[in-house]
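**Student:** Please construct the entire structure, taking both the sequences and the accompanying hints into account.
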Amino acid sequence: VMHYLGQYIMVKELYDKQQQHIVHCGSDELGKLLGITTFSVKDP
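Residue numbering for the sequence shown follows the UniProt record's numbering, beginning at 1 and increasing consecutively.
Some hints could be false.
[What the hints assert, rightly or not] Derived pair list, reagent style DSS-like, types lysine-lysine, alpha-carbon separation capped at 30 angstroms:
#1 Lys32 - Lys17
#2 Lys12 - Lys32
#3 Lys12 - Lys42
#4 Lys42 - Lys17
Honestly, the hints are just simulated from the structure, not real lab data. All values reported here derive from a predicted model rather than from experimental measurement.
**Tutor:** Below is the structure:
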């Protein structure tokens, strides 16, 4: 599941170009699903 989530983030280019561990998903279905707009893949 995590592999496919990572692939989705890469294909949709939801990651921050300067800080690639930050994901901006507020305007995407992923954000609606998770109920958040931004998250870091470094957070546990």
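**Student:** Give a verdict on every hint.
**Tutor:** We went through each hint and held it up to the structure:
no., hint, verdict
1, Lys32 - Lys17, "holds, 22 angstroms"
2, Lys12 - Lys32, "holds, 15 angstroms"
3, Lys12 - Lys42, "holds, 19 angstroms"
4, Lys42 - Lys17, "holds, 16 angstroms"
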